[in-house]
Every structure is written in structure tokens, then in C-alpha cells.
Amino acid sequence: KQEVTQIPAALSVPEGENLVLNCSFTDSAIYNLQWFRQDPGKGLTSLLLIQSSQREQTSGRLNASLDKSSGRSTLYIAASQPGDSATYLCLEAAGNKLTFGGGTRVLVKP
Amino acid sequence: DTGVSQDPRHKITKRGQNVTFRCDPISEHNRLYWYRQTLGQGPEFLTYFQNEAQLEKSRLLSDRFSAERPKGSFSTLEIQRTEQGDSAMYLCASSLAESSYEQYFGPGTRLTVT
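Going down the list, the sequences are from chains A and B. The first sequence lines up with residues 351 to 460 when you count with this note's numbering. The second sequence lines up with residues 14 to 127 when you count with this note's numbering.
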């Protein structure tokens, strides 16, 4: 059974600290992995997508890495800001299977 | 490009009633997905279409749920004989093969079954 796990479920950091968010997956037939941000009561905003042939993607303060051998993706957010407070979700696409992690709820304190 | 839109944004219904939701994807996106999300959880995959063909359907989806995408553009998700456990946010997304199937989500439809 395909499983995607995000640990920790919640994270609180002071403003300016770097954020490291983890996503573990079990299906080695991964096609791509996508990171999203979700604000309370809202839809999902795409942050980064990494194809299985890539090792990392960068956009501004965000960097996402993918290690297929260990079944892990990591999202780094540099110099966190209060506006980064949200829930971050990863989505694994493997064949016709699409599985989200449970999310990491992030609070950046001013 | 106006993004993915969903209608209605909120729906309150009584147990046993049927409801239908609509999703309009980003134009020219050939894939369209439906997910369900309950409070504090990650979204659960329900089904997806490539053009008008329904290619995958989750085993979590009971026979009371049906989805269509008749002309390969907008899609509808119908829930028959709603139950309180159907209360959730229903999310729609679309993607394009040329963009590595990066998914773009709509704002969701929040269903409350009383």
C-alpha cells in the first residue's frame, strides 16, 4: 500500500529561522512529488514540483530535494517569515496512484 | 487564465439528499482530479480524468459517488443519499502533460450534511 508520511505534524519556529519539512514515501515507482501550501479553509497552492529524474528544485526562498533511494523529499524554506505560517503538504504521484501526506502545520512567530 | 473554479463554494444539505458539485479546470488542461479533505487531514484521492475518460477511481469511493467529464472540459461530482460522514471539503485540480502533470487546485466546495 502506498503511504506518504509527514513528520512532524506541527512545527513552531521564531521568525528568521530556516524551516525543514520532511516527506517520506514508500512507492519507489514515483513519477513526481509536489509540495503545496494550504491556508486555513482554503484550497492548495502549488509551491514546487520535482520529477523523478530530478534531485532538487528551487524557487526564491524555497528549495525541495528528492531522494528516491531513501524514499524522502525535503522542503527547505530559508529565513522564515510570519507569512509562511500555513500547512505544508506533499503529494506523491506513482503511476495512477496519487497520495498526499498528512501535512505539517507551521507557525512562524514574530 | 482564470485558474480552477468550483461551484458552489458551500453546500448545506440534509441527510439522504443528493448533491452535485461542478469543477471548471484551467483551459486546455487535459487531466482533472477530485479529492476529499476532512479537517486536519491531507486530501484523499477520489478519481481522475484524462480528457473525458475516467482513468482511476479510489476504492474509498462508494457507489453513492459518481463523477463525469462529458466533453473533456468541466466535471461534475454527484453524491447520492448523502450521509453525515460525507461532510468534508471537496477539492478539484487540473494538470497538463506538458507541465509534468503539475496540479493546480480550485478553492474547494465545503459540504455539510445535517
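Bear in mind the hints are in silico, worked out from the structure with no lab data behind them. Certain hints may be false.
Stated by the list, open to error - To list a few chain B residues with every Cβ distance to chain A over 12 Å, as calculated:
no.	residue
1	Pro21
2	Glu96
3	Ser100
4	Ser113
To be verified - Subject to a maximum C-alpha distance of 30 Å in a straight line, what follows is the list of computed BS3-like cross-link-like pairs (lysine-lysine):
no.	chain 1	residue 1	chain 2	residue 2
5	B	Lys24	A	Lys459
6	A	Lys418	A	Lys459
7	A	Lys418	B	Lys70
8	A	Lys459	A	Lys392
9	B	Lys84	B	Lys70
10	A	Lys459	B	Lys84
11	A	Lys392	A	Lys447
12	B	Lys24	A	Lys392
13	B	Lys24	B	Lys84
14	A	Lys392	B	Lys84
15	B	Lys84	A	Lys418
16	B	Lys27	B	Lys70
17	A	Lys447	B	Lys24
18	B	Lys24	B	Lys70
19	A	Lys447	B	Lys70
The beta carbon of each residue, even a glycine, is placed where N, CA and C say it ideally should be.
Status of the hints after comparison with the structure:
no., hint, result
1, Pro21, "holds, 14 Å"
2, Glu96, "holds, 23 Å"
3, Ser100, "holds, 14 Å"
4, Ser113, "violated, 5 Å"
5, B:Lys24 to A:Lys459, "violated, 35 Å"
6, A:Lys418 to A:Lys459, "violated, 33 Å"
7, A:Lys418 to B:Lys70, "holds, 26 Å"
8, A:Lys459 to A:Lys392, "holds, 21 Å"
9, B:Lys84 to B:Lys70, "holds, 19 Å"
10, A:Lys459 to B:Lys84, "violated, 48 Å"
11, A:Lys392 to A:Lys447, "holds, 24 Å"
12, B:Lys24 to A:Lys392, "holds, 15 Å"
13, B:Lys24 to B:Lys84, "holds, 25 Å"
14, A:Lys392 to B:Lys84, "holds, 28 Å"
15, B:Lys84 to A:Lys418, "violated, 37 Å"
16, B:Lys27 to B:Lys70, "holds, 26 Å"
17, A:Lys447 to B:Lys24, "holds, 29 Å"
18, B:Lys24 to B:Lys70, "holds, 24 Å"
19, A:Lys447 to B:Lys70, "holds, 10 Å"
Hint check: violations occur at hints 4, 5, 6, 10 and 15; the rest are consistent with the structure.
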